[in-house]
Amino acid sequence: MAIDWIKIFDDLAKETSEDFLGGDLQDGHFARHFQELARLIGATSDLDNQELRNQFISQNPEVFEKIEGVIENSHSISADDINLTTKLRLLRGFILLLRNILVIDNQQQSIKDYGELCDNLIRLHKIVLKSLIFVTKSFHETNIVDASFFISKLVPCYLQCLTNLSGNFKNAVIQQINPENVVYSEKPEDYHLIIQYITELFQLNTTHSFFSPENHENYNLLLIYLNHFIVNNYSIFNHELRNFSEDEVTNGFLYHLLNNESPEIVEALSEWFIELHDELHYGGDDEDKIVEIKQESADKNQTFVTFSSIFKNIIIHESFGKFFTINRPNKKMSTNLILISQILLTNFSNLSNLKLVIILTWLMNFYESLLAEATEYFDQPGNVVDVKSLNDSLFMVLDIFTSLLTYDYSIQYLNNYTFLTKLIDLLKLLQKHVQPISKLSLATKAAHLPSQFPNLKKLLIENITYLVSKNFDNQELVRTSHALEIVLSNCIIDQLNPYIKETAIICIRYLLEDNKENQDFVRKLEAKKVVNEDELKDKGVELELVDGKVQFKKN
1 MAIDWIKIFD DLAKETSEDF LGGDLQDGHF ARHFQELARL IGATSDLDNQ
51 ELRNQFISQN PEVFEKIEGV IENSHSISAD DINLTTKLRL LRGFILLLRN
101 ILVIDNQQQS IKDYGELCDN LIRLHKIVLK SLIFVTKSFH ETNIVDASFF
151 ISKLVPCYLQ CLTNLSGNFK NAVIQQINPE NVVYSEKPED YHLIIQYITE
201 LFQLNTTHSF FSPENHENYN LLLIYLNHFI VNNYSIFNHE LRNFSEDEVT
251 NGFLYHLLNN ESPEIVEALS EWFIELHDEL HYGGDDEDKI VEIKQESADK
301 NQTFVTFSSI FKNIIIHESF GKFFTINRPN KKMSTNLILI SQILLTNFSN
351 LSNLKLVIIL TWLMNFYESL LAEATEYFDQ PGNVVDVKSL NDSLFMVLDI
401 FTSLLTYDYS IQYLNNYTFL TKLIDLLKLL QKHVQPISKL SLATKAAHLP
451 SQFPNLKKLL IENITYLVSK NFDNQELVRT SHALEIVLSN CIIDQLNPYI
501 KETAIICIRY LLEDNKENQD FVRKLEAKKV VNEDELKDKG VELELVDGKV
551 QFKKN
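Take the sequence shown: its position 191, counting from 1, is numbered 191 in our numbering, and each next residue is one higher.
Some hints here could point you the wrong way.
[Said to hold, decoys possible] With a Cα cut of at most 30 Å, we get these calculated DSS-like pairs of lysine-lysine:
hint, residue 1, residue 2
1, K137, K66
2, K516, K422
3, K501, K470
4, K388, K422
[Claimed, not checked] Computed spacing ranges between beta-carbons, pair by pair:
hint, residue 1, residue 2, range
5, N327, D48, 47 to 55 Å
6, E261, Q412, 34 to 42 Å
7, S352, A79, 51 to 59 Å
8, L21, K388, 55 to 63 Å
9, K388, N416, 31 to 39 Å
10, P329, Q50, 45 to 53 Å
11, S45, L21, 25 to 33 Å
12, S352, H192, 25 to 33 Å
13, I326, D48, 44 to 52 Å
Note that these hints are calculated values from the structure, not bench results. For glycine and all other residues, C-beta sits at the position ideal for the given N, C-alpha and C.
Model the full structure from these sequences, guided by the hints.
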C-alpha cells in the first residue's frame with residue numbers, strides 16, 4: 001500500500017502548530033512528531049524522488065501555507081518554555097523539510113502555476129528570514145538552548161532553506177512566460193522587507209558573531225545564500241522574448257539593495273572580501289598562519305569565488321554608480337569597493353557593451369572627482385587632502401581603465417566624452433609637481449611616499465596610448481594640448497614609474513603613426529633641443545627621427 005505522504009504531513013503540521021501555541025508538554029508527547037518528521041525529511045531528501053517533491057508543491061498548494069503556519073506559531077515559544085529545546089528541534093525539522101521540498105525540477109509538467117510559485121517563494125523568503133531573526137534574538141543567549149546546537153544545527157538549516165528559496169526564483173519566473181506574456185509582478189515592498197531582515201541579521205552578527213569568518217560553515221552558507229539570491233533574482237522587463245539575454249533582465253534585489261538607505265550589507269561584505277583577499281594573497285609573516293592558510297586554501301578559494309560572484313553582479317549593476325557616489329564619504333567602504341572593482345575588473349572577460357557603459361560611467365565620474373582633488377592638492381597646498389587615499393584611488397582607477405580599454409567599445413565610449421583631456425590634465429599636474437628619480441637608491445624610500453604618486457604617470461601614458469591608437473583626432477589633441485612633449489620627456493628611466501620609458505616609446509609610436517603634423521612637431525622639438533638630449537643620454541637613450549618615425553636607441 002502506497003504511503004500517503006501528504007496526509008502524514010497535514011496531520012503533523014496541524015499538531016505541531018497547536019503544540020507551539022500550547023503550554024508545557026511531556027517530552028514523550030513529541031516522540032511521534034519526531035518519528036514522522038524524520039520519515040518526511042528522509043523521503044524528500046532522496047534526489048531520485050522528485051515526483052514526491054513536486055507532489056507537495058503542485059497537488060497540495062496549501063503545503064506552503066501549513067509550513068508557514070508552523071513557523072509563525074513557533075514565534076509563540078517563550079524562553080522559559082520547559083520544552084524550548086524540543087520545540088526548536090521540531091522547528092528545525094520543518095525548516096529542513098521545506099529546504100528539501102524546494103529542490104524543484106522546473107521541467108516537471110506537474111507544476112502548472114509558476115506565477116503562484118513565485119508568490120509563494122517570495123512570501124516564504126520573508127517568513128523564514130523573520131523566523132531566523134526571531135530565534136536569534138530570543139534564544140541564542142539563553143541558558144536553556146545549547147549554544148553549539150544553535151550555531152551548528154539551527155542556523156545552517158535556515159541558510160540552506162533560504163538558498164533553495166532564492167535559487168529557484170529565476171527559473172520560476174522564466175517558466176511562467178507564456179504567449180499571453182503573463183509574468184511575475186514584483187512588489188517593491190517585498191524587497192524592502194527582505195533587505196530590512198538581512199540588514200538586521202548583519203546587525204545581530206556584530207554582537208552574536210555566528211556569521212563571522214570564525215564560524216566558517218555559517219559564514220560560507222550566508223555567502224552562498226546571498227549569491228544565489230543575487231544571481232537568480234531577476235525580473236524580466238522585455239517579456240516579448242522568451243530567449244532573452246543577460247542585458248534584457250534586471251536584478252530586482254540588487255536594485256533595491258543599492259538604492260536602500262542603509263549600506264550595512266554591502267559594507268560588511270566588502271570588509272569580509274578584502275580580509276579574505278589579503279589573507280589569501282599576502283598571508284603575513286607568521287609562518288604558522290601561512291601553513292594554516294595553505295591547509296585551508298581550497299575552502300578559502302571557493303569562498304573567494306563566491307565573493308567574486310556577489311561583487312561582480314554588484315559592480316556591473318546600473319545602480320552601483322549612485323550607491324558608490326552616495327557612500328563615498330565612508331572612506332573605508334569606498335576604498336574597499338574600488339579595490340574590489342580593481343581585483344575583479346582587471347580579470348573580467350567578455351563584458352557586454354551595456355555592462356561596459358555601466359562600469360565606465362561610474363568610473364569616469366569617480367576619476368573626475370579624484371582629478372579635482374589632485375588639482376586642489378597641488379594648486380592649493382594649504383588645503384587638507386588625504387594624499388594616500390587619493391594616490392591609492394587614482395592608481396586603482398587607472399589600472400581598471402587600462403583593462404577596460406582593451407575593448408574597442410570602451411575606447412569609443414570614452415572618446416564620446418573627450419575623456420582623453422581628463423587624462424592629459426592629470427599627466428600635466430604630475431609632470432609639473434613630481435620629479436622623476438633615476439637612481440634606484442633614491443627611489444626606494446620615495447616610492448613608498450604617496451605624495452610621489454608612484455606608477456601614475458606610467459598608467460596615464462598607457463591609457464593615452466589606447467586612445468590615440470589609429471585615432472587622428474586624439475593624436476592631434478595630444479599635440480595641441482602640449483602633452484606630446486610630456487610623453488617625449490618621459491622616455492627616460494624613472495624609478496617611481498618602472499617601465500615608463502618603454503610605455504612612452506610605444507605611445508610616441510602611435511602618436512606619430514600617419515600623422516605628419518606630429519612627426520614635424522617632433523623634428524622641431526629635436527632641433528630646438530626641447531627634449532634634453534644630455535638628460536636622455538645620461539639615461540642611456542638617444543632619440544632619432546628616421547623617415548618620419550621616432551626611433552630610440554641605446555647609446
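Here's how the hints hold up against the structure:
A distance of roughly 24 Å separates the Cα atoms of K137 and K66; the hinted pair therefore holds under the 30 Å criterion. Of the supplied pair hints, the one linking K516 and K422 holds, its CA atoms being roughly 25 Å apart against a limit of 30 Å. For the hint linking K501 to K470, the alpha-carbon distance of about 21 Å falls within 30 Å, and the restraint holds. Note on K388 and K422: the hinted pairing holds, with a Cα-Cα distance of about 21 Å set against a maximum of 30 Å.
The hint said 47 to 55 Å for the Cβ distance between N327 and D48, and at roughly 48 Å that hint holds. The hinted range of 34 to 42 Å is satisfied by E261 and Q412, whose Cβ atoms lie roughly 36 Å apart. The hint said 51 to 59 Å for the Cβ distance between S352 and A79, and at roughly 52 Å that hint holds. Roughly 60 Å separates the CB atoms of L21 and K388, a value that falls within the hinted 55 to 63 Å.
Taken as a hint, the range 31 to 39 Å holds for the pair K388 and N416, whose Cβ atoms sit roughly 33 Å apart. Separated by about 51 Å at the C-beta atoms, P329 and Q50 satisfy the suggested range of 45 to 53 Å. Taking the beta carbon of each, S45 and L21 are about 28 Å apart, inside 25 to 33 Å as hinted. One distance hint, 25 to 33 Å for the beta-carbon pair S352 and H192, holds here, with the actual separation near 29 Å.
Under the hint 44 to 52 Å, the C-beta atoms of I326 and D48, about 50 Å apart, fit the expected range.
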